[in-house]
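So the sequence lines, in the order shown, correspond to chains A and B. Per the working numbering, the first sequence starts with residue 1, numbered consecutively. Per the working numbering, the second sequence starts with residue 1001, numbered consecutively.
Source of the hints: derived by calculation from the structure; they are not laboratory data. By construction, the Cβ of each residue, glycine as well, lies at the ideal position given by its N, Cα and C atoms. Possibly wrong hints are sitting among the right ones.
Unchecked claim - Reference listing, derived: stretches of chain B covered by chain A, where coverage requires no fewer than 3 residues with Cβ under 8 Å from a Cβ of chain A: (1) 1034 to 1047; (2) 1052 to 1064; (3) 1252 to 1259; (4) 1296 to 1308.
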Amino acid sequence: MKNKEPLILVVVVAFTLLTYWLVEPFAHSQMHKHVEGENFAYADLSPISKTGNAQNGKVLVTGAAGCTGCHSINKESMPAAMDAVTAAGSYGVNPPDLSNAGVVYDAKFLADLIKNPAHALKVEHKFDAAKGQMHPMVPFYGAGGDIDQEIADMVTYLQSIAVSKEELTPTMAYENACGRCHAVSYEKWTQIGTKPEFKFEKESLAFDIKVLEYQESLTKYMGKLPPDLSMYIRSRGEHFISTFVENPQNQLAGTAMPRVGVTADTAEKVIEYLADAGDTKRHERASVGKNVMIFAIIFAIFALLWKKQVWRELH
Amino acid sequence: MAHFTKATSVKDWLNQRLAVEKVEKVMASEYWIPKNINFLWAMGMVLAITFALLLVSGIFLLMYYQPDVKDAFYSVNYTIMRDVDFGWLWRHVHGVAASVVFLVIYIHMFTGIYYGSYKKGREMIWISGMLLFVTFSAEAFSGYMLPWGQMSYWAGMVITNIFSLGGLHMDGLVEWIRGDYVPAQAFLTRFFMLHVLLLPLAIMGLIGLHFAALRIPHVNNQDGEEIDFHAESKKYLAGDKAGSKVMRFANDFMSKDMMVVGIYLIFFFYLVFFQYGFALDPVNFDPADGLKTPAHIYPEWYFLWSYEILRPFSVNIGLIAFGFAQVIFMLLPWLDLSPNAVPASRRGAFNIWFWILLVDMIVLTAMGKLPPEGIFSTIGLVAALLFIILWVALPFITKNEKKA
Ligand code: HEM
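Generate the whole structure from the sequences, applying the supplied hints.
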């Protein structure tokens, strides 16, 4: 009698793979729109044509452009005019610290942002100056000279004070680019900063109240509270988050989430931060996985040899 | 009273009290297995091993899981996945095993159907097997509620809602099952109880029944051959191991079981560490939110075929079709009217019936996941009708089957 087992195995494997393909890759390709990444090129924005001067930039940022009226630059010892909760009360959200804006955000994006925030952030559907809906960050109308030169100077200044790309950690990237809107409770991050360990419950509750007040303003500003991103690396996955950050409107037309304008490097670091939060043990999984596979293969070899030995007498 | 003598060894001591030697013979060394069976007959052992994996990993998870709607998601996704050493490993093992066990169950069931292993004294094996399928389904569903993610909540909502649909209109029953108007604390606590106590107990009892049901008829074989186990085992015991048509369960067939289990574990652990997405649905990593309906609600893959039998029809007809699909497999031994317990390949029309049923169920599975629009809902409707027609036709197909 000829051995039918190889054929049976092929049939079982083929039907299994077919079913898998149908309910996983195929079904998901039908259910979710596929958005291709654009390498964070921001092709809709025009490149900066002028060479900036950091010295002039500093004068503008701290003076005529009024950036430091709303934003802190802690690194240059320029504190915020208001604390986070009060700022959110006035603007809807706390304007982020600009110490590292030069490395977190794309240069073209920064230039466009300074000139026309609602345009750069792709929230013109919510903020239409013609209808009197002003974006809380006022556009820079120029300080009397060549506006493009002035903007180039400010961008150069922000780049000159920022840490280098290599020094930017995943946590810094996240806190700068996303932290003012999204909590990550698994990393103890709230929109107003990392929640410290308090000795007394009273202090802890006082902190929570501040967070709630902040969230109230943020909810009013955004229309809804931006979600806690703790588990988003598992619920949405890397590809979705990356393309969503690049241009939220591509995935969710009309959403209140702005295009954040980060560089490809920053986006990668943001994703690493989210992976540390929601898929913390992934490195351990890979290394334990390798060892378990080796063990399983050795087990299978011994089982095979045992079977061969036992069956020798049966034929 | 029985007569006990001073024991000469531990084994003798146990033997006098528990008849361990006799038990060992009945269950292992003189439990005779036909030689002409292939690796598909190891699927039962693969199932037993997978169940053991589920049990062990489940016990570890139970040490940290919190059945409270406020804490459940956190206890699973933070405490177990991040805080507890190797908690992530137990969760991945548990989640992947819960999904893979159904793949193996389906292979095991279709093996039984293909070789006709549900008739001629094997009806109880089949019935206990189907009861295992039903309890495993309930076990999987109740377990899926526990992380209290979006899919837990909404699948719980949709499935319990079935009883309130159409002509059934049993809103009272739905409330009674949920313990509330919507899935909430009472719902989670009772499904927790079912998942960690009542259903595992029932499963263990049923596995015992399934094994007991196998012992007397013995397992079938791949040639549909009627084996004289008495004569063949005598031959074996007399030393003609090669000439006998049977072998011992242990260690003879068990060594092959273990070989298949070994290969299966390579596949299993590959899934656990590197390809777990199919078993741990991404949507369920969003915490339950009763105000936010997910864009697509679908059950786990192993329920999709019966879900698709419910979906393409109008409500009342869909419910009848769904009820039909739930019980019809149970009746297989009485719907197949042919006395032939041989491989389908030798049974003419039944062979065609078998392969169409298999493909039809795969089609139903795929359509059950896809959004019910356009061509997909048409295919789903045709496949659901075909499923019903196949089962209605079965007695007629098998009635006049030639003796194989
Ligand atoms: C999930 C738990 C189950 C376990 C642990 C289990 C275990 C086993 C074992 C160990 C065997 C003997 C070896 C073999 O033929 O594979 C067996 C045989 C069998 N099982 Fe299951 N089984 C389970 C579920 C089912 C289900 C869902 C069905 C289908 C209704 C089923 C139907 C059968 C049949 C018909 C046989 C006899 C095969 C033959 O005689 O050739 N079992 N089962």
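We went through each hint and held it up to the structure:
no., hint, result
1, 1034 to 1047, "holds (count 5)"
2, 1052 to 1064, "violated (count 0)"
3, 1252 to 1259, "holds (count 5)"
4, 1296 to 1308, "holds (count 3)"
Violated hints amount to a single one, hint 2; each of the other numbered hints is respected by the structure.
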